[in-house]
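Participant: Please take these sequences and the hints and turn them into a complete structure.
Protein chains: 2
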Amino acid sequence: MRPQDVIRKKRDRQELSPDEIRYFVDGVTTGRIADYQISALLMAVYLNGMTQAEQQALTEAMLLSGNILDFSDLPKPKADKHSTGGVGDKTSLLIAPLVAACGVCVPMISGRGLGHTGGTLDKLESIPGFRVNLSTAEFRKVLDDVGYAMAGQTAELAPADKKMYALRDATSTVEAIPLIVASIISKKGAAGLDAMVIDVKVGNGAFMREADRAEALAHALVSTGNSCGIRTRALLTDMNQPLGRAVGNSLEVLECIEILRGDMKEGARPVLDLSLELSAHMLVLANVEQSLKSALQRLQGVLSSGDALECLRRNITAQGGDARVCDAPADFLPLVSEPVKVESARSGFITRVDTTEIGHTIAAIGGGRVRIEDQVDPTVGFVAESKLGEQVIAGETIGVVYCADVSKAREAAARISAAYEIGDAPPTTLELIKEVVNE
Amino acid sequence: MRPQDVIRKKRDRQELSPDEIRYFVDGVTTGRIADYQISALLMAVYLNGMTQAEQQALTEAMLLSGNILDFSDLPKPKADKHSTGGVGDKTSLLIAPLVAACGVCVPMISGRGLGHTGGTLDKLESIPGFRVNLSTAEFRKVLDDVGYAMAGQTAELAPADKKMYALRDATSTVEAIPLIVASIISKKGAAGLDAMVIDVKVGNGAFMREADRAEALAHALVSTGNSCGIRTRALLTDMNQPLGRAVGNSLEVLECIEILRGDMKEGARPVLDLSLELSAHMLVLANVEQSLKSALQRLQGVLSSGDALECLRRNITAQGGDARVCDAPADFLPLVSEPVKVESARSGFITRVDTTEIGHTIAAIGGGRVRIEDQVDPTVGFVAESKLGEQVIAGETIGVVYCADVSKAREAAARISAAYEIGDAPPTTLELIKEVVNE
Chain Y
4 MRPQDVIRKK
14 RDRQELSPDE
24 IRYFVDGVTT
34 GRIADYQISA
44 LLMAVYLNGM
54 TQAEQQALTE
64 AMLLSGNILD
74 FSDLPKPKAD
84 KHSTGGVGDK
94 TSLLIAPLVA
104 ACGVCVPMIS
114 GRGLGHTGGT
124 LDKLESIPGF
134 RVNLSTAEFR
144 KVLDDVGYAM
154 AGQTAELAPA
164 DKKMYALRDA
174 TSTVEAIPLI
184 VASIISKKGA
194 AGLDAMVIDV
204 KVGNGAFMRE
214 ADRAEALAHA
224 LVSTGNSCGI
234 RTRALLTDMN
244 QPLGRAVGNS
254 LEVLECIEIL
264 RGDMKEGARP
274 VLDLSLELSA
284 HMLVLANVEQ
294 SLKSALQRLQ
304 GVLSSGDALE
314 CLRRNITAQG
324 GDARVCDAPA
334 DFLPLVSEPV
344 KVESARSGFI
354 TRVDTTEIGH
364 TIAAIGGGRV
374 RIEDQVDPTV
384 GFVAESKLGE
394 QVIAGETIGV
404 VYCADVSKAR
414 EAAARISAAY
424 EIGDAPPTTL
434 ELIKEVVNE
Chain G
4 MRPQDVIRKK
14 RDRQELSPDE
24 IRYFVDGVTT
34 GRIADYQISA
44 LLMAVYLNGM
54 TQAEQQALTE
64 AMLLSGNILD
74 FSDLPKPKAD
84 KHSTGGVGDK
94 TSLLIAPLVA
104 ACGVCVPMIS
114 GRGLGHTGGT
124 LDKLESIPGF
134 RVNLSTAEFR
144 KVLDDVGYAM
154 AGQTAELAPA
164 DKKMYALRDA
174 TSTVEAIPLI
184 VASIISKKGA
194 AGLDAMVIDV
204 KVGNGAFMRE
214 ADRAEALAHA
224 LVSTGNSCGI
234 RTRALLTDMN
244 QPLGRAVGNS
254 LEVLECIEIL
264 RGDMKEGARP
274 VLDLSLELSA
284 HMLVLANVEQ
294 SLKSALQRLQ
304 GVLSSGDALE
314 CLRRNITAQG
324 GDARVCDAPA
334 DFLPLVSEPV
344 KVESARSGFI
354 TRVDTTEIGH
364 TIAAIGGGRV
374 RIEDQVDPTV
384 GFVAESKLGE
394 QVIAGETIGV
404 VYCADVSKAR
414 EAAARISAAY
424 EIGDAPPTTL
434 ELIKEVVNE
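Just so you know, the protein sequences line up as chains Y and G, in that order. To convert, take the position in the first sequence, counting from 1, and add 3; that gives this note's numbering. To convert, take the position in the second sequence, counting from 1, and add 3; that gives this note's numbering.
Misleading hints may appear alongside valid ones.
Note: identical chains are not told apart, hence a pair may lie in one copy or across any two.
[Stated by the list, open to error] SDA-like, lysine to any residue: derived pairs with alpha carbons at most 20 Å apart:
| id | residue 1 | residue 2 |
| --- | --- | --- |
| 1 | K165 | D38 |
| 2 | K166 | D38 |
| 3 | K166 | A37 |
| 4 | K12 | R212 |
| 5 | K12 | D172 |
| 6 | K12 | G52 |
| 7 | K296 | I396 |
| 8 | K12 | E213 |
| 9 | K12 | L50 |
| 10 | K437 | S307 |
| 11 | K166 | D276 |
| 12 | K437 | R216 |
| 13 | K390 | S420 |
| 14 | K12 | A173 |
| 15 | K268 | T354 |
| 16 | K166 | Q7 |
| 17 | K296 | N243 |
| 18 | K144 | K268 |
| 19 | K12 | D197 |
| 20 | K12 | G118 |
| 21 | K166 | R374 |
| 22 | K268 | V291 |
| 23 | K390 | V373 |
| 24 | K165 | G351 |
| 25 | K165 | A37 |
| 26 | K390 | A169 |
No lab work stands behind these hints: they were computed from the structure.
Facilitator: Given below as structure tokens:
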């Protein structure tokens, strides 16, 4: 077998055998297959797709390309949540302590922000001292002691995915469903999960803007996850505006801690609602609750009792962070004191929010990464004070931008103001959760 | 502009602008764009195609990626022939001396064999002492003194093509019409031609097996060649059996010298017929003859007078070879004395010859290259003694294999015997020249 024969077959829309896929993925892992051959295959997969059998074989080969974390000695069920990426999507920071407080182990392998989307690791690093580069032994110890641990993908975990992901980013082959599925499920499978809930974002701030593509992705993720032995469910959720109020690393952590402390601002409610819903599905899939209803009650319990906040506090301490952030978040998170107002350009109803544009704007002033090698400034961000469908008047403050460089903040405020479309009639209401995909 | 933005656009079937194409080709030439990004674009072009405008811009950018040979101080018109590649296709060895003997300058940049096809440079190197690696100054001197020169592509000539061709070979993106066109025309354009005839092979031994694909390629070559200022014509010619009798380097040179000496074996007639026809089109395009008929008469003249043979003799001497090969070719070419017979498996008519299989068989026993780094043994080859449509009886010798290793020769003879399909009725006759494409 030669790499170019596998490429030719996919180029010609023939189905690759599991052996051919394993041969290729092994070559990626060992470096025996050249980067230019990998990227040619990635483009052929992007344009010609993959059958369910190919997608399954690709996922399994990537899953087995490195170490598999084995937490079977920990007595609790293991569950995780994954999001396809959005703007202001900070639910991981709530879900992990909520679910862990209900007795489910959450070994969460997270990523960094790139382009218009944020990443959980960047958000966590806003907390002074917080370490996300844990060794496997440290990760296991935090998981066992606290109930959840959060870290980046190590070089040993699904190394074929790491290599292929970097090439996809450089060759515009990110948005291919079989490649997305294999990337997500291989990493989650290598993390030794029993159950997994996937938040598939849909809307103008999501990678999948069209509902039918997002739905196809959700079905592919669920079927492949289940075939890999992970009980998997996907929720299609709205990404036509930032989730909650805050966009930007410190600001998002602040919003989450306020929620766990019971100090939630009303605009942050969708963050809590979505976090509870995703968490409830995790508890059901992990078999610690029989129904979504009982799961939601239990989650409300650990939220109001302070057990979830306590879980967060213990995790922060275990991962080297300053847990006083849980008591006085605004005092211990790096923040900018004087924000710049974003004003409504005219009077009317907010009919559309260009969510990707907001994400890019915040990234461009340092709140995210335009390029993979960029440094992130945790203080930079945006807080939305108005939501889709709200009535506003011209000149009204619809949000604020945080950035130490005031001229950059002003530029960003103008870009964000332009990202809000104001019309004469309110838009049709968008549901936060559009669909639950079980198979 | 970023490489991945250009890739994305082609991936999404949008037309690339000339600026975007120049940016990408410049990046290929300078090495600023990574190989894995080049190959992703190549696969996207393979699968999504290119418009005429894109193909033109790609060709021009590649043509201008290196030095342009300038022979405008040589007073004669400059013309060349290019073949898309076949088995036993040795017409270049005849056309160059025939056309040069008629007063047209032939600066021929040729290639090496790979896979089932042979290459002119390998054939020439069968002649003891013959050098194909000429400096630009040497090439010009031979061209001026003899009327034609034959050499390989230097690093300075269309370097973007050299880089892209190597990547295409490794990523199964060779057979894309826009890439073939840009590769051929950019090299020929950089060689300073006035006129060019392209022999587009069609049939089971050609890269383009289907007539409609070959015809599309011919039209694309002609229109792009003309747009680049080279008067261009293409002939669609048959490649459903080896051209002439000989396949293999020394044997093909032997066949050509016999033809120029007037010692032609009857089975070699198609080589002469096709060479004369292609040469006649070159003379017409170069404006040294008004009609194909007068051009053919003139070519017959330089053949029977010995002027063409004399031209070959002078070229061989000028390029360091032993010109005695022109007087006693069998004595001065490296040959194997004892060939192994290929026998007909049954009685009947030869209804199909798997020409690609014959090419691969000869390459596999050393007569060509399975991999680009393989060494070629000039003595290895096959001589066909029967043609498509001929009646044969079981056990009759239909050809012979030459290889010093007799066990390899026997294996090859068995493979080649199996490549001849014998049926009960003669097949429909195939025309050697199927079509002349002028626009």
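Participant: Is the C-alpha distance from K390 to V373 at most 20 Å within one copy, between copies, in both cases, or in neither?
Facilitator: neither (26 Å within a copy, 65 Å between copies)
Participant: At 20 Å max between alpha carbons, let me know whether K12 reaches A173 within a copy, between copies, both or neither.
Facilitator: For K12 and A173, the Cα distance is within 20 Å only across copies (14 Å; inside one copy 23 Å).
Participant: Between copies, within a copy, both or neither: which fits K268 and T354 at Cα up to 20 Å?
Facilitator: neither (23 Å within a copy, 83 Å between copies)
Participant: Regarding K165 and D38, is the shortest C-alpha distance of 20 Å or less found within a copy, between copies, in both, or in neither?
Facilitator: both (13 Å within a copy, 18 Å between copies)
Participant: Taking 20 Å as the upper bound on the Cα-Cα distance, should K12 and G118 be classified as within, between, both, or neither?
Facilitator: between (33 Å within a copy, 18 Å between copies)
Participant: I want to check one pair: K268 and V291. Are their C-alpha atoms no more than 20 Å apart within a copy, between two copies, both, or neither?
Facilitator: neither (31 Å within a copy, 88 Å between copies)
Participant: With identical chains treated as interchangeable, where does the CA-CA distance between K12 and R212 reach 20 Å or less: within a copy, between copies, both, or neither?
Facilitator: between (30 Å within a copy, 18 Å between copies)
Participant: First find the shortest C-alpha distance between K12 and L50 inside one copy, then the shortest across copies, and answer within, between, both or neither for a cut-off of 20 Å.
Facilitator: Both, since 13 Å and 13 Å are each at most 20 Å.
Participant: Quick one: K437 to S307, C-alpha cut-off 20 Å, is that within a copy, between copies, both, or neither?
Facilitator: neither (27 Å within a copy, 84 Å between copies)
Participant: At 20 Å max between alpha carbons, let me know whether K165 reaches A37 within a copy, between copies, both or neither.
Facilitator: both (15 Å within a copy, 18 Å between copies)
Participant: How would you classify K390 and A169 at a CA-CA limit of 20 Å: within, between, both, or neither?
Facilitator: neither (35 Å within a copy, 54 Å between copies)
Participant: Regarding K166 and D276, is the shortest C-alpha distance of 20 Å or less found within a copy, between copies, in both, or in neither?
Facilitator: The answer is neither: 36 Å in one copy and 55 Å across copies each exceed 20 Å.
In summary, the numbered hints that this structure violates are 7, 10, 11, 15, 17, 18, 19, 22, 23, 24 and 26.
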